[in-house]
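*Asks:* Which chain is which? The protein sequence lines are A and C, in order.
The numbering of the first sequence is my numbering, which starts it at 5 and goes up by one.
The numbering of the second sequence is my numbering, which starts it at 5 and goes up by one.
In short, the hints are calculated from the structure, not lab data.
Hints may be right or wrong, so weigh each one.
What the hints assert, rightly or not - Here are the simulated lysine-lysine pairs, DSS-like style, with alpha carbons at most 25 Å apart:
#1 K261(A) / K255(C)
#2 K255(C) / K255(A)
#3 K272(A) / K261(C)
#4 K272(A) / K312(C)
#5 K272(A) / K255(C)
#6 K255(C) / K277(A)
#7 K261(C) / K261(A)
#8 K272(A) / K255(A)
#9 K255(A) / K327(C)
#10 K277(A) / K272(C)
#11 K261(A) / K272(C)
#12 K312(C) / K327(C)
#13 K277(C) / K255(A)
#14 K261(C) / K277(A)
#15 K277(C) / K277(A)
#16 K312(A) / K335(A)
There are 2 protein chains.
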Amino acid sequence: MGGDDAPQAIITGTERAISLDPSITPILVGDEGKIRPFIKPNSPLRDVRIHHTTDMVASDDIPSQALRSGKNSSMRLAIDMVKDGEADAVVSAGNSGALMIMALMVLRTIEGIDRPALAAFFPTMHGRCCMLDLGANIECSATNLVQFAVMGDTFFRVTADADPSASYKPSIGLLNIGEEEQKGSASIRDAAAILSNPEINMNYYGFVEGSDFPMGVVDIVVSDGFSGNIALKTAEGTSRLIGTLIRQSFKATLFAKLGYMFASQSFKNLRNKMNPQNYNGAVLLGLNGIVVKSHGSANPKGFANAIKVASDMHRNHFMDDVKKGIARSLKAIDMAQEQKNKTS
Amino acid sequence: MGGDDAPQAIITGTERAISLDPSITPILVGDEGKIRPFIKPNSPLRDVRIHHTTDMVASDDIPSQALRSGKNSSMRLAIDMVKDGEADAVVSAGNSGALMIMALMVLRTIEGIDRPALAAFFPTMHGRCCMLDLGANIECSATNLVQFAVMGDTFFRVTADADPSASYKPSIGLLNIGEEEQKGSASIRDAAAILSNPEINMNYYGFVEGSDFPMGVVDIVVSDGFSGNIALKTAEGTSRLIGTLIRQSFKATLFAKLGYMFASQSFKNLRNKMNPQNYNGAVLLGLNGIVVKSHGSANPKGFANAIKVASDMHRNHFMDDVKKGIARSLKAIDMAQEQKNKTS
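Could you build the full structure based on these sequences and the hints that come with them?
*Replies:* This is how it looks when you write it as structure tokens:
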């Protein structure tokens with residue numbers, strides 16, 4: 005059981021998740037002696053199953069080492085439980101790199117998926133958008149990008165608050181440095197050709213720029229892991245910069261302080277909209293199992309949100325749905341390859 | 005003479021630039037019949053030289069076509085004047101792609117520079133930072149990145165309001181998806197090794213993430229043109245999103261409107277800090293001549309700022325200074341290559 009404020013934040017977050025959705029059955033994995041004292045007699049977790057281990061992956065462990073020496077760590081045991089069908093998903097606030105490499109090695113990728121991708125939600129003008137990959141893959145082929153689009157499409161639908169069986173097709177954009185057809189790398193342009201194929205049955209929008217997705221132009225933004233990580237972090241950094249400047253503005257003069265008193269209620273909505281805790285829960289997509297990464301500094305609200313992401317994915321059959329999408333994409337990828345062979 | 009609001013915004017912007025710095029001698033290139041009526045009898049531009057041509061590059065012209073067929077366009081004639089030594093710099097609010105390709109073909113790169121880079125300033129917590137490349141080069145080698153660092157270093161020093169002859173060494177970061185040594189592509193890691201060499205005599209900070217540069221961690225952010233463009237546009241889009249949400253918050257209730265009345269003066273500083281017009285003037289660095297690209301939608305204040313960038317570069321001997329930097333970098337690049345040959 006990892007995270008900056010473990011086990012307190014994890015336990016309180018899990019209690020919060022159960023109170024919002026009593027159908028969830030949590031299993032806590034970690035040091036029972038350290039966990040138990042935080043569970044009060046009237047807690048909804050009083051009868052929780054604790055899978056005991058004193059081993060753990062530290063936040064500064066090198067991922068490859070954690071993989072070799074962490075076979076009895078709480079992180080590894082939790083992933084093993086997903087592999088063995090004892091658990092439906094793993095949610096961790098621990099070491100990101102270790103979680104990614106352990107989950108990949110233990111669960112392996114779904115047949116038809118070459119590389120897993122890290123996905124998360126961003127706030128936008130019209131709600132939120134899902135972006136992937138956020139850093140699992142530095143360089144990506146056209147096929148990788150198409151697979152990310154398929155996974156993002158399914159992920160968006162199963163975690164949307166709307167009925168996932170409904171006919172809404174989320175719109176998908178490829179992150180690029182211009183909207184024109186000839187922009188970007190060959191991988192991006194080839195991916196665009198495949199995603200435009202009606203056979204793949206997705207709502208492909210076209211290229212989107214860094215300035216477009218905060219405005220809510222598309223539901224899903226697909227990119228290689230390098231650019232996606234830069235975009236995610238730049239959006240976070242810019243939000244933090246402006247947030248700090250706003251606070252300074254409201255403190256600058258007596259008039260501004262008075263202004264804050266009047267406007268504070270309205271600004272609460274803005275803070276709520278931009279609050280990272282509401283978007284907590286990055287997902288490693290493409291593995292034979294559901295793996296959700298909570299931010300290490302997530303508070304109980306944020307951790308509960310990460311559990312909700314895992315629970316939505318399981319309840320709405322993410323795994324079955326994504327496999328169907330992959331089958332459709334393989335056909336479109338083959339057709340694009342044939343087309344290419346013909347023209348060359 | 006291009007731009008969304010030409011020639012009016014260009015002329016008013018140029019007047020503004022001269023009133024701020026009377027040592028500037030502008031030459032206007034474009035259709036004299038269209039320009040002249042906007043110059044009032046008492047304008048500081050009343051005796052301006054107008055290099056007349058009715059040809060122009062349209063904003064939607066394809067750059068390669070503009071290069072072939074635009075030999076008498078105002079853009080081309082202005083670049084030719086820099087080549088022929090008749091002008092010290094070209095400032096254009098026209099078609100970006102056409103400006104980049106025309107300037108590259110006419111002026112060519114400085115000896116020792118393989119590829120030009122597009123650079124601009126961003127607002128940060130502590131002032132501003134310069135970022136390059138912003139889209140001229142999708143893929144970059146380690147040598148490209150090192151050359152961008154050298155050009156960024158010189159550009160920052162000559163355009164800083166401080167005395168450029170002073171000993172301040174701007175700090176330089178390489179944009180990456182983590183701060184650890186092993187992160188990122190081989191090009192980035194090799195560039196880091198070269199920039200760390202004392203021979204190159206620059207203040208290399210290390211890797212920076214998208215979340216770091218808005219906080220003002222470094223003066224100069226170096227990246228490939230794809231990631232740099234994504235970062236620039238994401239910062240712009242996020243600012244626009246939050247700006248819109250702030251305006252909505254202030255209009256949400258009667259109390260919030262009252263709050264705005266009290267706080268508006270303090271918020272003016274915030275708006276001023278984040279105003280893109282104050283950062284207008286992207287520069288195409290690495291050519292045998294000074295080329296500044298104003299945003300097409302720049303207002304007179306923004307256009308005057310772009311002229312100031314060109315004038316600072318000329319007055320503070322950007323061209324001589326950058327050539328010295330390149331000479332030092334070649335030595336560091338050679339040493340890194342030797343080191344690599346030894347270890348392999």
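*Asks:* Confirm or reject each hint.
*Replies:* Verification of the hints:
A hinted pair counts as satisfied when its Cα atoms are at most 25 Å apart, and K261(A) with K255(C) qualifies at roughly 18 Å. At most 25 Å may separate the alpha-carbon atoms for a hinted pair to count; K255(C) and K255(A) meet this at roughly 20 Å. This hinted pair checks out: K272(A) and K261(C) have alpha carbons roughly 15 Å apart, not beyond 25 Å. Note on K272(A) and K312(C): the hinted pairing is violated, with a Cα-Cα distance of about 41 Å set against a maximum of 25 Å.
For the given pair, K272(A) sits about 13 Å from K255(C) by alpha-carbon distance, which is consistent with the 25 Å threshold. Only pairs whose Cα atoms come within 25 Å are accepted, and K255(C) paired with K277(A) is accepted, the gap being roughly 16 Å. With a C-alpha separation of about 14 Å, the suggested pairing of K261(C) with K261(A) holds against the 25 Å cut-off. For the given pair, K272(A) sits about 16 Å from K255(A) by alpha-carbon distance, which is consistent with the 25 Å threshold.
In summary, the hint linking K255(A) to K327(C) is not supported, as the alpha carbons are separated by about 47 Å, beyond the 25 Å threshold. Between K277(A) and K272(C) the CA atoms are separated by roughly 23 Å; this keeps the pair inside 25 Å, and the hint holds. A threshold of 25 Å between alpha carbons decides the hint, and for K261(A) with K272(C) the separation of about 15 Å falls inside it, so the pair holds. The straight-line distance between the Cα atoms of K312(C) and K327(C) is roughly 22 Å, inside the 25 Å bound, and the hint therefore holds.
The suggested pairing of K277(C) with K255(A) holds, with an alpha-carbon distance near 16 Å, which does not exceed 25 Å. A C-alpha spacing of about 20 Å is found between K261(C) and K277(A), which places the hinted pair at or below 25 Å, so the restraint holds. The suggested pairing of K277(C) with K277(A) holds, with an alpha-carbon distance near 23 Å, which does not exceed 25 Å. For the given pair, K312(A) sits about 33 Å from K335(A) by alpha-carbon distance, which is inconsistent with the 25 Å threshold.
When each numbered hint is compared with the structure, violations occur for hints 4, 9 and 16.
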